[in-house]
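Input sequences plus hints: build the corresponding full structure.
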Amino acid sequence: MRKTTGKKPESPRIIYFNQAAMTAPYLFWALAFIIIPLLMIFYYGLTDKTGAFTLANVAAIATAEHSKALWLALALSLVSTAICLLLAYPLAMILANRRVSQQSFLVLIFILPMWMNFLLRTLAWQTLLEKTGVINAILTFFHLPPLNIINTPGAIVLGMVYNFLPFMILPLYNSLTKIDPSVVNAAYDLGANGVQTFCRVIFPLSIPGVISGITMVFVPALTTFVISNLLGGSKILLIGNVIEQEFTQASNWHLGSGLSIVLMAFIIVNMVLTGIFDKNGEGTAL
Amino acid sequence: MSAKLIDLQHITKIYDGNTVLDDMNLYIRENEFLTLLGPSGCGKTTTLRIIGGFEKPDKGAVLFNGQDITHLPPNKRQLNTVFQKYALFPHMTIAENIAFGLKIKGKTRSYIQDKIKYALKLVNLDGFESRMPDSLSGGQQQRIAIARAIVNEPKLLLLDEPLGALDLKLRQDMQYELIRLKNELGITFIYVTHDQEEALTMSDTIVVMNQGYIQQIGTPEKIYNEPENAFVADFIGDSNILPSLMIRDELVEILGARFACVDKGFGENRPVDVVIRPEDVDLVSPEEGTLQGVVTHLIFKGVHYEMEVTANGFEWLVHSTDMFPVGTKVGIRVDPFDIQIMNKPESEDEEAVAIDA
Numbered sequence: 001m002r003k004t005t006g007k008k009p010e011s012p013r014i015i016y017f018n019q020a021a022m023t024a025p026y027l028f029w030a031l032a033f034i035i036i037p038l039l040m041i042f043y044y045g046l047t048d049k050t051g052a053f054t055l056a057n058v059a060a061i062a063t064a065e066h067s068k069a070l071w072l073a074l075a076l077s078l079v080s081t082a083i084c085l086l087l088a089y090p091l092a093m094i095l096a097n098r099r100v101s102q103q104s105f106l107v108l109i110f111i112l113p114m115w116m117n118f119l120l121r122t123l124a125w126q127t128l129l130e131k132t133g134v135i136n137a138i139l140t141f142f143h144l145p146p147l148n149i150i151n152t153p154g155a156i157v158l159g160m161v162y163n164f165l166p167f168m169i170l171p172l173y174n175s176l177t178k179i180d181p182s183v184v185n186a187a188y189d190l191g192a193n194g195v196q197t198f199c200r201v202i203f204p205l206s207i208p209g210v211i212s213g214i215t216m217v218f219v220p221a222l223t224t225f226v227i228s229n230l231l232g233g234s235k236i237l238l239i240g241n242v243i244e245q246e247f248t249q250a251s252n253w254h255l256g257s258g259l260s261i262v263l264m265a266f267i268i269v270n271m272v273l274t275g276i277f278d279k280n281g282e283g284t285a286l
Numbered sequence: 001m002s003a004k005l006i007d008l009q010h011i012t013k014i015y016d017g018n019t020v021l022d023d024m025n026l027y028i029r030e031n032e033f034l035t036l037l038g039p040s041g042c043g044k045t046t047t048l049r050i051i052g053g054f055e056k057p058d059k060g061a062v063l064f065n066g067q068d069i070t071h072l073p074p075n076k077r078q079l080n081t082v083f084q085k086y087a088l089f090p091h092m093t094i095a096e097n098i099a100f101g102l103k104i105k106g107k108t109r110s111y112i113q114d115k116i117k118y119a120l121k122l123v124n125l126d127g128f129e130s131r132m133p134d135s136l137s138g139g140q141q142q143r144i145a146i147a148r149a150i151v152n153e154p155k156l157l158l159l160d161e162p163l164g165a166l167d168l169k170l171r172q173d174m175q176y177e178l179i180r181l182k183n184e185l186g187i188t189f190i191y192v193t194h195d196q197e198e199a200l201t202m203s204d205t206i207v208v209m210n211q212g213y214i215q216q217i218g219t220p221e222k223i224y225n226e227p228e229n230a231f232v233a234d235f236i237g238d239s240n241i242l243p244s245l246m247i248r249d250e251l252v253e254i255l256g257a258r259f260a261c262v263d264k265g266f267g268e269n270r271p272v273d274v275v276i277r278p279e280d281v282d283l284v285s286p287e288e289g290t291l292q293g294v295v296t297h298l299i300f301k302g303v304h305y306e307m308e309v310t311a312n313g314f315e316w317l318v319h320s321t322d323m324f325p326v327g328t329k330v331g332i333r334v335d336p337f338d339i340q341i342m343n344k345p346e347s348e349d350e351e352a353v354a355i356d357a
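Sequence order for the protein chains is A and B.
Its first residue numbered 1, the first sequence is counted upward by one per residue in the working numbering.
Its first residue numbered 1, the second sequence is counted upward by one per residue in the working numbering.
If you are wondering where the hints come from, they were derived from the structure by calculation, not from laboratory data.
Each residue gets a CB set at the ideal place from its N, CA and C atoms; glycine is no exception.
Among the hints, erroneous ones may be present.
What the hints assert, rightly or not - Covered stretches of chain A (chain B as the covering partner; in silico rule of three or more C-beta atoms under 8 Å from a C-beta of chain B):
1) 147-157
2) 177-186
3) 191-198
Okay, here's the thing in structure tokens:
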């Protein structure tokens, strides 16, 4: 690091040019792979096959089949997010209360599943949950009734929780470790018991982490089609599956894009809502 | 004599094999302003945390008004702490911060409102109710932390280096503020600091600690003027510590010259340590001095000049309002009552334990 004190006034200019040069690669990336594709989705979503403007692709969400897929996706991702929050919060608290030397190792253990391929992990659950799968084989061996969980909404929720749990743990853990221990001690010192300290000090101070955790789980859960494909079978369609099929099977890019715009609207609503609660702007929610 | 409010009995605390406190015994009387003073790692903060309930001693007991509170959690103790970094709740307004303890205790709304007003007035921050902590300066935050603690009317207030993060001027103002608060409220204060000047200014009693042992307990005057060992002498203010020989009662040989002193009972021809404060060294003309030396350094310090005088191979630190230029030949004279004789520790271990017995 160079010292900036005592420099001549021109030095900020040099830094300015360097910064501009350094942002160029990402600007190019954003333009090519984020902004242009987004514009294309809007173009396809708001036109028909002749290229004329139409709102029909967006309005198509109102059909029984599409709206059912959307509500089911919303319901399952909300349930998954809630389960993730309930599982991750106590865990993040335990992690944050460990000694620093143990913390990074324990965090690693919980992040370890993310090192494996996402598809592979979901396929593994398929094998485990199948009617003739590993879990049922064990149950049958002990003369217990087999579980019928594959191809149910429950299996999809299980897959979502399993895959997205680390995304809930990390922001929670980060926000909990940021809390000054002496603030917690101050609450005890002023007479608060454990529950009061949690409700009035620890939880309110961890809200940025809760917000970004919810966003990081809810958004991918809402849009997933892989988990529902593999664990929900062909009968349970989420909005992600519908959009995927429009692109891959029906080759109707216009309808797929129109439905994507609707989904984006829901995600933006989620982000705005969470942003309202995230007063300090400390979270990673947009 | 008022009763013992806190009585620490045989407190021992070990962290990872390091003995931080070793068989410590200390009591604090009601209405006392007691300061735990020592370098970092001497065990002063650990002592405070044990009294506050944030640490449990490995051995020993903590008595509060005669009741054993060793295993009582912090929220059940009738005392409050002012933390080093203020520890205000960042998500609450100043009023909510101050009201925290009172709300927990289920006080009425009007009682809490009155208390907030009273406490803010006491710390000279009227009208700050709806501000957020991060919009306040360090000194203001510290005063809110004190207000938040005292509204609960604790019998005992623990202060963990509360002025450490403030600049010099603010620190001096806050010292007077704390003395005023203590006198107005009649609360017992236990104050932790490594700043000897702070300790001397504010305390009724100073406990000097080093390496987990109490070195000396006494009034500021006693600690400053009659340090019991070289550590205390060195830690409290500047001092000349000279290995010397006690010839007989009231006569000591320092660097080969004999000085009259007032101490007795050290035996005859016994090696001792002598402490002479820099302001107690009188510089006179060479023929009038008990020792002769040459001024080797001179610095103007504002109130006085700081000089170094080399005499018989020892660099004497001298504070004087009279100035002697570098190179001047001077005589050194010390009044008998300004010579403080201390037993010489025989080993480093003993240096730490010496006073504890």
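Going down the list of hints, with the structure as the test:
Restraint check on the segment 147-157 of chain A versus chain B: 0 residues with Cβ-Cβ distances below 8 Å, three needed, restraint violated. With a threshold of 8 Å between beta carbons, the proposed coverage of the segment 177-186 of chain A by chain B holds, since 5 of its residues qualify and at least three are required. Under the rule that three or more residues need a Cβ within less than 8 Å of chain B, the assignment of the segment 191-198 of chain A holds, with 4 such residues.
This entry does not satisfy hint 1, going by the numbered hints stated previously; all others are met.
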